[in-house]
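For reference, the chains in residue letters:
2 protein chains.
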Amino acid sequence: MSAPSRILVVGSVALDSIRTPYGVVEEALGGSASYFSCSASHFAPVSMVAVVGDDFPKPHVEMFERRGIDTSGLEVAAGRTFRWRGEYMAELGHAHTLETQLNVFADFHPKLDDGHRKAPFVFLANIDPDLQLEVLSQMKRPMLTLSDTMNYWIARKPDRVFEVLRRVDIALLNEEEAKALAGETHLAKAADKLLEAGANAVIIKKGEHGALFHSREERFITPAYPVMALTDPTGAGDSFAGGFIGMLARFGRTDGEALRQAMACGTAMASIAIESFSPQRLAETDPNEIDGRVRSLHSMVHYDLFPMF
Amino acid sequence: MSAPSRILVVGSVALDSIRTPYGVVEEALGGSASYFSCSASHFAPVSMVAVVGDDFPKPHVEMFERRGIDTSGLEVAAGRTFRWRGEYMAELGHAHTLETQLNVFADFHPKLDDGHRKAPFVFLANIDPDLQLEVLSQMKRPMLTLSDTMNYWIARKPDRVFEVLRRVDIALLNEEEAKALAGETHLAKAADKLLEAGANAVIIKKGEHGALFHSREERFITPAYPVMALTDPTGAGDSFAGGFIGMLARFGRTDGEALRQAMACGTAMASIAIESFSPQRLAETDPNEIDGRVRSLHSMVHYDLFPMF
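Note that the protein sequences, when read in sequence, are chains S and D. Here my numbering = 1-based position in the first sequence + 18. Here my numbering = 1-based position in the second sequence + 18.
Relax, there's no trap hidden among the hints.
One copy or two, either will do: identical chains are not told apart, so a pair holds if it fits within one copy or between any two.
Distance condition first, Cα-Cα at most 25 Å in a straight line; then the derived BS3-like pairs of lysine-lysine: (1) 197 x 224; (2) 129 x 158; (3) 207 x 224; (4) 211 x 197; (5) 211 x 175.
The hints are simulated quantities; they were obtained by calculation from the structure and are not laboratory data. Computed from a predicted model, the values in this text were never measured in an experiment.
So here's chain S without its partners, still in its complex pose (with noise of 0.2 Å):
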């Protein structure tokens, strides 16, 4: 095996205040490239951009570096860290955002070195589109883009959103938004209707149901990991998209074989993310444990098909 290809994540590092039916957490780590970095950091180097106040915990930047993330382009700005507080009910499925302080986030504008602009891996976090447009100008022919987006940016930019869904290889989105920036409500008429529209592939999650992969090409599905400890959600979708690249990076592949396997990948990050406020558990868990739950995601869906008829 060649050595793993780096990952470059830009998006945000913020403090985050929840409470969910089992639990509650004050100002802690929280924001999309501390949820990614965590999770891809177990499969590849990864190196992060993102911006934080003057007020941002050290020891954060620490476990960062413990996992081996270059936060060179953790840009640290004069001002407050970007802050968030939500709430989660029985359900689980929607954050109910109470409070969003952007603070320093308000003004982020990624600043990529030479480095940066050629890593072979990319995933454009939930940012302002044209921030992302304007990363994705910058590399150097990488092997793979992945973008994510929100319901925030589908309302108020979609051209933009339909812009970097162009530009990127893959497009991560959940159910409501692909559903959303479609204009469809049927799911698989969704995702036909965005690949019609430009886009090369796309990634629905549908959180406990899993999540399927589409492309001209390609049509596949992960189940959900049955997690029986959910803590807090916040983050799955991150943490899924550094499982994904992550692998795809270890292996610089990015074939349909490895495609499905970054999939389980993906999954298996999530649902490791959910057991715990913060990505504490994404921090803390091993290769073991990754490869455990992997394994079990394909023994939940393999069989060998014998013919019937």
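Based on these hints, arrange chain D on the given structure of chain S.
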């Protein structure tokens, strides 16, 4: 391959009047035994035990017979056939019942002859759990018994529904029924609770999100087939049951590999059923189409796991 085994189904034959966003039918063939038989008869011989009134249209019986279905157990009682009138809204998740006329079905008492009692495979469709138990007690060492139920019986006779669960090899439930019966909102926990309560195995149907098989030994998930021509979801569960048990009866197998492929057969038959009103598409489909959908479902989940760490 040895000859396919016979399947006994005990359930309803009805005349359905249905409105969906895709159309309307009046007094079309319906009922659990109708959907199940049309589905299973593509795989193995089926004997139907049900009751109709003396107004039941002959062409429906002729259609059953053209499909090789043994209708010797289809009792014709004096009076009107069971009628159901329902409506589905845009999301198609739930039927809204407008009218139920039980008619001759109100006094349905399954009459099994010796041939019926010897059937190696048995489907107890959604009828009073007391009747399901009565049928079970008459069967002569069947290889595999599968039961269905509905919220109506879970609310009124939960103890009898549990008794059926303990007596059959596999209980088929939809997600809502499984949660209601287990008294648990988390699906994986609900499945565990049903096993703790004595079920040998459960299949939980999740509609467009597929189905899961759960026993002490096996945990297996099948995605739904992405249907583009969705017309009427009525009968999807019974059609699933028909493909599932049909495949097992075709090969006389009940091992884990066969159960997994049987889940795909069930899924394929459900996807065909919902592309028309009534079991019309089920009656008209052929081995080629069924095989194509099963292969397609297999390819949506199949990959060969390679070592990562």
